[in-house]
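Q: For reference, the chains in residue letters:
Number of protein chains: 2
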Amino acid sequence: MTALAPNSTIGIIGGGQLGRMLAMAAAHLGYQTVILEPDPNAPAAQVANDQIIAAYDDEIALESLADQCDVVTYEFENVPSAAIEALEKVIPVYPGAQALKISQDRLLEKQMAHGIGAKTAGFHAVNSLKDLEDGVAQTGLPAILKTRRLGYDGKGQVKIDNMDELPSAFEAMAGQDAILEAFVNFDCEVSVIAARAIDGSFEAFDVAENVHKHHILHTSTIPANVNESVKATAIKYAQKIAEHLNYVGVFAVEFFVENANSDGFNICVNEIAPRVHNSGHWTEAACVVSQFEQHIRAISGLALSTAKRHSDCVMLNLIGDDVNDLEKHAKDEKAKIHLYGKLEARPGRKMGHVTFLK
Amino acid sequence: MTALAPNSTIGIIGGGQLGRMLAMAAAHLGYQTVILEPDPNAPAAQVANDQIIAAYDDEIALESLADQCDVVTYEFENVPSAAIEALEKVIPVYPGAQALKISQDRLLEKQMAHGIGAKTAGFHAVNSLKDLEDGVAQTGLPAILKTRRLGYDGKGQVKIDNMDELPSAFEAMAGQDAILEAFVNFDCEVSVIAARAIDGSFEAFDVAENVHKHHILHTSTIPANVNESVKATAIKYAQKIAEHLNYVGVFAVEFFVENANSDGFNICVNEIAPRVHNSGHWTEAACVVSQFEQHIRAISGLALSTAKRHSDCVMLNLIGDDVNDLEKHAKDEKAKIHLYGKLEARPGRKMGHVTFLK
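Residue numbers (the numbering used here), protein chains in the order written: chain A, 1 to 358; chain B, 1 to 358.
Derived from the structure by calculation, the hints contain no laboratory data. Among the hints, erroneous ones may be present.
[Said to hold, decoys possible] What follows is a list of derived Cβ distance ranges for each label pair:
1) B:Glu333 to A:Lys159: 41 to 47 Å
2) A:Asn78 to B:Asp50: 28 to 34 Å
3) B:Arg346 to A:Ser64: 49 to 55 Å
4) A:Asn266 to B:Glu333: 32 to 38 Å
5) B:Ala3 to A:Asp67: 56 to 62 Å
6) B:Asp325 to A:Gly264: 46 to 52 Å
7) A:Gly200 to B:Glu85: 57 to 63 Å
8) B:Ile91 to A:Ser64: 35 to 41 Å
9) B:Glu344 to A:Asp67: 21 to 27 Å
10) B:Glu333 to A:Pro80: 35 to 41 Å
11) A:Asp39 to B:Lys155: 41 to 47 Å
Even for Gly, the Cβ is constructed at its ideal location relative to N, Cα and C.
Make the full structure from the sequences, and use the hints.
A: Structure (structure tokens):
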């Protein structure tokens with residue numbers, strides 16, 4: 001296939017910071033961008049050529065997006081898969097609806113992980129209180145009950161410590177399909193950010209070690225302080241997942257690791273994100289080409305660039321009022337600052353990040 | 001002074017590729033941008049928050065720009081200095097009108113260079129044919145007659161080889177004030193890209209060695225293949241010029257060098273550009289912070305970052321149809337590509353650049 005010519009137009013569904021960074025990467029490569037996003041002040045629209053202000057599943061808006069663009073992508077996995085399926089009939093969409101559907105559903109995701117030979121935490125599908133009781137008999141307690149779909153940053157999940165919490169936990173799912181997951185006592189969480197191109201070529205960035213605070217990513221450290229075999233295994237699983245899904249674009253796989261510094265390590269797939277990922281933001285500071293540009297290259301039919309990094313680094317998320325540390329971080333000559341243009345610094349809101357090169 | 005808070009707005013006069021790269025750097029730091037530019041399809045407007053579509057000296061547009069912004073800057077030295085003077089009365093403008101006026105005028109520029117102890121090619125102000133004859137008696141032939149103002153990329157200048165060309169050369173100036181410059185037989189051209197902050201702090205990027213084709217920059221190579229004393233002298237002059245002008249922002253000084261690899265070198269100031277500069281585009285690929293972000297930091301009151309580079313590199317301009325080499329360059333894993341979103345690839349038009357890291 002031929003790559004998109006300069007000035008071709010890329011549609012991006014979703015106007016948050018990931019869409020913003022994708023739009024800037026597209027601009028670097030000479031591509032135009034149109035953002036589909038209901039919020040008129042969205043971070044991505046500020047740096048894009050155009051915005052369609054409409055809901056993600058608005059049929060007329062999706063038609064208009066297809067008309068204006070040469071390829072469509074999205075910045076978050078909660079875009080309705082029916083919208084992507086409809087778009088796919090008229091325009092190339094990467095990643096495709098099949099990859100999206102699986103990564104939208106914690107149950108399908110875990111089943112797929114087992115299918116490619118990876119482990120996950122023990123899990124049990126929960127559509128009734130009876131399912132939940134059966135599940136707990138299998139996973140033990142504590143365990144975590146999660147909605148199968150639409151959860152992120154700890155939303156839509158409940159930790160269960162005692163048997164008498166089962167009814168309230170089940171009610172908290174509000175009738176949505178759920179999944180019970182065994183509580184994994186992991187030493188650390190790592191993630192792989194990788195890209196797969198239309199021709200099947202594959203590039204994985206170095207494994208990041210992630211620390212969360214209040215269920216939100218706090219830092220990613222590269223290189224991860226884990227056994228080299230942990231890294232190789234994580235990347236191997238990421239590649240198998242990409243091939244299984246015939247994936248095109250950048251994606252993230254999060255893993256839980258026990259005994260991460262020993263040859264007797266135990267690694268579980270936690271989650272797959274069919275998009276650029278917060279734990280890959282460091283790539284813009286420490287690699288020739290960032291995860292954002294790598295994604296744009298993949299979906300445009302350009303060759304992937306190398307994922308090698310030139311520096312060790314730590315990425316720190318700026319949450320809420322942390323955005324006001326701009327002036328402080330500007331004084332650190334090893335700091336690469338990136339803010340998202342969000343007008344209001346609400347608590348828990350991702351406002352930006354800083355990558356400290358070592 | 002306190003730095004601009006996140007979401008403050010920066011006005012940029014001029015909507016070309018330099019304005020575009022400034023707007024993206026501002027967005028990285030969480031600042032909003034408004035572009036003043038008559039062309040509705042300008043590269044900068046594509047990635048900015050807003051555009052005022054009007055002439056650079058449109059009074060109502062300038063008022064509106066001042067109303068919407070917290071600080072104003074510009075991407076090119078041919079903005080009318082009267083416009084900057086008017087703006088300065090109501091809003092901080094960096095660089096200031098004084099620096100702009102001098103760098104707009106080849107005669108004042110050369111006089112200033114002598115004032116800070118630097119050499120230039122021999123020169124003579126030309127307002128009449130008689131002036132031109134007197135000038136040639138001083139500079140010898142060949143020599144170059146240039147308009148004092150508004151020339152760039154070889155426009156507005158005539159090389160004179162023989163005495164009988166004097167009348168036609170003078171006529172080519174079309175009544176504009178002109179300057180005759182001795183023809184310097186230089187080995188090489190180098191440039192310094194540096195930044196000076198509001199508090200007077202100063203950071204110079206490494207000296208670039210520049211090769212032109214058809215009067216347009218072709219490549220910049222870093223490090224320059226010149227004697228270390230040449231580099232130190234060039235940076236020393238750049239700092240003196242910045243201090244003399246009480247300059248705020250990023251600027252470029254181009255130098256001609258004879259015997260560049262010997263201690264008996266001869267270095268002349270050729271030109272000062274009160275703005276980010278084509279020969280500094282490599283900084284985005286080889287430094288933590290690019291010339292564009294450095295400029296935004298300077299005019300926003302943020303600390304300057306280090307100008308140290310992490311890699312040697314060569315920047316190649318993509319002129320006209322060179323933009324179609326996108327796919328080829330994408331296959332080079334040492335190449336950092338940057339296209340400008342220009343819709344038409346006219347011959348001689350700067351369409352993008354590629355920095356090849358070593």
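Q: So, for every hint listed, does it hold in this structure?
A: These are the hints, each one checked on the structure:
For Glu333 of chain B and Lys159 of chain A, the hinted distance range of 41 to 47 Å is satisfied, since their beta carbons lie about 45 Å from each other. For the hinted restraint 28 to 34 Å between Asn78 of chain A and Asp50 of chain B, the CB-CB distance of approximately 30 Å keeps it satisfied. Distance hint check for Arg346 of chain B and Ser64 of chain A: the Cβ-Cβ separation is about 31 Å, which falls outside the suggested range of 49 to 55 Å. Distance hint check for Asn266 of chain A and Glu333 of chain B: the Cβ-Cβ separation is about 35 Å, which falls inside the suggested range of 32 to 38 Å.
The hinted window of 56 to 62 Å between Ala3 of chain B and Asp67 of chain A is violated, with their beta carbons roughly 43 Å apart. Remark: the range hint 46 to 52 Å for Asp325 of chain B to Gly264 of chain A is upheld by a beta-carbon distance near 51 Å. Taking the beta carbon of each, Gly200 of chain A and Glu85 of chain B are about 60 Å apart, inside 57 to 63 Å as hinted. The hinted range of 35 to 41 Å is satisfied by Ile91 of chain B and Ser64 of chain A, whose Cβ atoms lie roughly 38 Å apart.
For the pair Glu344 of chain B and Asp67 of chain A, the beta carbons lie near 22 Å from each other, so the given range of 21 to 27 Å is met. Checked against the hint of 35 to 41 Å, the pair Glu333 of chain B and Pro80 of chain A passes, with Cβ atoms roughly 37 Å apart. In this structure the supplied range 41 to 47 Å holds for Asp39 of chain A paired with Lys155 of chain B, their Cβ-Cβ distance being about 45 Å.
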